[in-house]
Amino acid sequence: MSRDVQLDHVTMRFGDFTAVSDVSLDIRAGEFFSFLGPSGCGKTTILRMISGFMEPSAGAIRIGGADMAGIGPNKRPTALIFQNLALFPMMTVAENIAFGLEMRGVDRSARRKKAMELLDLIALPESADKRIDQLSGGQKQRVAIARALAVEPQVMLLDEPLSALDLKLRQHMRTELRAIQRRTGLTFIYITHDQGEALTMSDRVGVMSRGRIDQVGPSHAIYDAPATPFVATFVGENNVFAGTLTDAAGGIGHVETAAGPLRASLPEALPKGAPVLVFVRPERMRLGPGPDGLNTVTRPVSHVDFEGNFVNVALDSGGGAHGRAMLVQLPNDGRVPAFEPGSAATVSFDPGQARILPAGELAKE
Amino acid sequence: MATLNRPTGADLLMRVYLFVFFFYLLAPLAVMALATFNTSRFPTITPWLGTTTQWFVALWNDRQMWQGLSSSFIVGIAVIVVSVPIGVAAAMLLDGVHRKARTFLYAVMVSPLLTPGVIIGISTLVFWDRLGVKGGLHLAVIGQSSFIIAYVMLMVSARLQRFDRTLEEAALDLGASHTQVFAKILFPYLRPAILAGAVLAFFQSFENYNVTLFTRGTDTTLTVYIASKVRTGLTPAVNALALILITITIVFAVGYEILRRNQKAKAAA
Amino acid sequence: MSALVRRYGWPITLFMTGTTAVWLVVMVILPALVMVEYSFHPNLPVTKRGGPEDYYTLTNYAALFRGIDLTTWTFPNDFTVFIRTIWGASLVTFLSLVVCYPIAWHVAKIAPPRRAAVMILLLVIPFWINEILRTFAWYIILAYQGPLNAALLGLGILDKPVRWLSGSGGVLIGMTYAFLLFMMFPLINAIETLDTNQVEAAKDLGAPTWQIHRRIVIPHAKPGIAVGCIMVFVLAASSYIVPALLGSPGTRWFTETIYVWFFEGQDWPRGSAYAFILLTLCITFIMLVMRLFKVGLADIAK
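Residue numbers (the working numbering), protein chains in the order written: chain A, 1 to 365; chain B, 1 to 269; chain C, 1 to 302.
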């Protein structure tokens with residue numbers, strides 16, 4: 001059976017509210033795919049439609065080419081890992097893991113055998129007969145994964161399963177999840193609002209906003225070549241300069257902004273006079289005026305955050321940046337000067353490191 | 001609250017009031033119990049004519065009492081059989097319907113609890129008479145169940161509200177059929193509330209008088225027997241029965257309280 | 001319906017809706033409707049039902065009020081009984097509230113946990129004892145040669161025994177005793193949820209005890225008071241056994257009148273009409289209390 005998941009013009013409405021709007025997407029077999037977006041963007045609704053807890057208002061969902069319309073969650077080749085894990089408190093660890101097999105009429109000894117195998121896989125062989133409330137957070141996590149793997153699904157669906165863990169454990173579980181996905185070769189569809197999770201684990205990321213997919217691509221493309229102002233500001237930090245496109249040639253556009261004229265790469269052809277936004281990441285800026293051909297901006301310093309390996313300098317953006325401060329991240333190479341708040345600082349950046357996008361909605365700060 | 005230890009006049013008054021209140025609450029029961037042991041043919045403690053246990057013997061030999069007791073048991077068990085499944089179903093239905101429908105459905109479901117028992121009895125009697133069904137224990141079961149189901153529904157609902165619905169979804173997602181989800185997940189979760197509901201249903205049925213009065217036809221339950229005895233042919237044998245019922249109640253109440261505290265302690269540990 | 005099927009599947013959904021429908025339609029709604037319909041018929045022998053004499057009529061309702069003459073201040077028997085029932089049930093409700101409030105306050109907020117638990121147990125036991133037995137206890141106490149008269153004579157408070165069971169006093173005492181705990185538990189539950197800090201704060205600001213109760217405790221306990229009043233009033237107004245045991249023919253209760261019309265007068269339509277009037281009385285009281293205390297149905301059925 002093939003393991004690809006296809007969303008074909010999928011729309012979900014709740015009364016007047018459209019939670020998911022005309023989403024079309026092919027998730028490849030064996031891929032680790034993440035839906036990334038703020039809460040309320042529709043990502044959970046997509047997951048619930050794929051798992052079968054909701055039927056789309058319009059459009060089709062196909063798994064391995066087969067239309068899933070009218071097929072309940074208990075009949076789909078998917079397994080969902082819930083945000084709260086939803087482990088059964090009235091059963092032991094082994095009973096939890098073997099639950100899906102029990103429902104399929106597998107006999108007791110075969111169930112036990114499979115459960116023990118999976119407990120080995122998740123490195124909890126001693127915990128078979130423990131109660132769920134005797135496990136730690138990370139152990140519960142792994143039991144939930146084992147329980148889903150036990151039914152041998154084609155597609156694993158994960159609904160922010162790491163959000164309840166502390167930071168250290170969360171980072172550890174990222175690696176572990178990724179390893180399990182590689183080993184099993186299953187398609188993983190992962191829902192998260194945490195960009196770190198999405199970028200580190202995924203083969204491809206789909207960034208969602210207001211029920212639509214803004215951009216689909218591998219992590220580096222999402223970060224380096226955002227397709228919309230929303231993606232540019234939701235994923236990572238980005239400085240914004242609002243302005244008007246005055247000229248364009250050879251993939252480089254000239255933009256007139258409140259901070260002066262700027263040049264930046266222009267990924268799509270836009271008419272002159274179009275309202276645009278110029279984005280440049282804080283770590284792509286450097287201190288001091290650059291050689292000719294670089295954009296140079298001089299602004300008063302508003303405050304400085306010393307982070308150890310980096311020094312973050314916030315400059316007064318002087319309007320035209322949607323009320324946001326302008327941030328410059330400098331590596332602490334021992335040569336960062338002491339800035340006086342109020343004093344002027346000059347920074348520069350390469351036009352190739354900056355990006356022009358048509359004006360549009362930004363992510364909330 | 002006991003930071004100020006100086007007893008004031010108000011505190012003293014409160015203590016007296018508490019004493020008087022609990023005396024008022026419990027003394028009548030004690031009088032009733034004591035009267036069992038008086039040889040007087042009429043149940044009283046004044047004058048005390050001599051101590052006896054003859055009224056227990058009289059009660060034991062009273063065939064009507066045994067008849068009433070067995071009727072009460074039959075009705076009680078039948079009420080459990082009718083009320084528990086419907087009460088559970090009603091609670092699940094209420095939990096599953098949309099918010100607007102829920103408010104309305106809830107109002108209809110609890111209305112029998114606010115309806116006077118005599119009216120439930122009368123309406124049941126009149127309705128089934130139309131269908132050619134006369135009064136009797138069977139009608140008492142129907143009449144009692146019509147409001148006891150609401151009690152069971154409320155008990156099950158209370159537990160259902162704390163149920164984590166993702167457990168249901170997880171089981172479904174792992175391939176369980178809806179019926180399996182109920183049998184393996186929801187039912188085990190609801191079991192304590194269902195058991196408590198069954199006990200409550202039996203108790204409510206056992207001590208019901210108002211509904212039974214109108215629906216019993218010519219049959220007699222224990223409460224009907226007691227009421228008729230008190231009005232005609234009263235002897236301290238009735239007190240003997242009261243004493244036994246009170247003792248059972250106290251054992252149950254204390255046992256329940258101990259169980260509850262143990263569970264609380266276990267939950268706290 | 002589709003949401004139900006999605007959650008529970010077809011077999012369980014059908015069982016749920018089916019049984020609930022049987023309960024609500026066959027056991028609750030239809031019987032009530034049939035009773036009301038019955039009350040608009042004249043009382044006819046079975047052979048004449050559906051015949052020319054069987055028409056809808058208000059006679060059974062009018063019967064309650066027929067014979068009222070305000071000029072001579074005379075009232076028919078059934079009407080007097082009805083008014084006595086309203087007045088008596090209201091009085092019992094009020095007495096229960098007054099008697100219970102200090103106890104509930106003490107159990108919920110003042111008594112240390114251990115003592116409060118014992119008190120609650122002492123309240124639970126009589127609560128679970130049958131209404132008939134609790135009434136019977138007072139029947140013994142109030143008897144002409146019973147312990148109350150004996151005690152009062154012995155203490156020299158009375159010089160001849162009183163016939164307690166021949167007036168309304170016995171009925172009111174017995175009813176208050178029988179139903180007071182239905183006021184107690186809602187009150188305790190309501191007062192228990194009050195944040196004690198509020199009381200401390202009020203005390204700290206110099207409020208006297210009665211003001212603390214008037215301004216803080218009672219407003220907070222409103223839902224409990226409402227529930228208690230509703231329970232006690234409905235139980236008292238529809239009690240049959242208490243007036244039957246502790247009353248005399250001169251202190252008949254409306255439920256007794258209904259019973260007499262049903263089983264001694266063999267006039268079911270009249271009985272049904274009176275039953276509907278009693279139901280209307282109770283619903284009116286419930287609505288009034290809910291409006292007055294601004295509480296919803298969900299607060300009441302707990």
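These are computed hints drawn from the structure, not numbers from a lab. Don't take every hint at face value.
[To be verified] Taking CB as the label site, the calculated pair distances span:
hint, chain 1, residue 1, chain 2, residue 2, range
1, B, 20, C, 290, 30 to 38 Å
2, C, 287, B, 177, 41 to 49 Å
3, B, 107, A, 28, 50 to 58 Å
4, B, 165, A, 290, 42 to 50 Å
[What the hints assert, rightly or not] Incomplete in silico selection of chain B near chain C, CB under 10 Å:
hint, residue
5, 24
6, 95
7, 118
8, 147
9, 178
10, 179
11, 207
12, 233
13, 252
[Claimed, not checked] Covered stretches of chain B, as calculated for chain A (at least 3 residues, CB under 8 Å):
hint, region
14, 64 to 75
15, 184 to 195
Model, not experiment: these values are computed from the prediction. Glycine included, every Cβ here is placed at the ideal spot set by N, Cα and C.
Hint check results:
1. B/20 <-> C/290: 30 to 38 Å: Between residue 20 of chain B and residue 290 of chain C, where Cβ atoms are some 33 Å apart, the hint holds.
2. C/287 <-> B/177: 41 to 49 Å: Distance hint for residue 287 of chain C, residue 177 of chain B holds at roughly 46 Å.
3. B/107 <-> A/28: 50 to 58 Å: holds, 53 Å
4. B/165 <-> A/290: 42 to 50 Å: Given a distance of about 58 Å, which is not inside 42 to 50 Å, the answer is violated.
5. 24: Holds, because the Cβ-Cβ distance from residue 24 of chain B to chain C comes to roughly 8 Å (cut-off 10 Å).
6. 95: Nearest chain C Cβ about 9 Å off; hint holds.
7. 118: holds, 5 Å
8. 147: holds, 8 Å
9. 178: Check passed: Cβ of residue 178 of chain B comes within 2 Å of chain C, closer than 10 Å.
10. 179: holds, 6 Å
11. 207: This hint holds: residue 207 of chain B lies near chain C, its Cβ roughly 4 Å from the closest one there, short of 10 Å.
12. 233: violated, 14 Å
13. 252: holds, 7 Å
14. 64 to 75: With 0 residues close enough to chain A, the hint is violated.
15. 184 to 195: holds (count 4)
When each numbered hint is compared with the structure, violations occur for hints 4, 12, 14.
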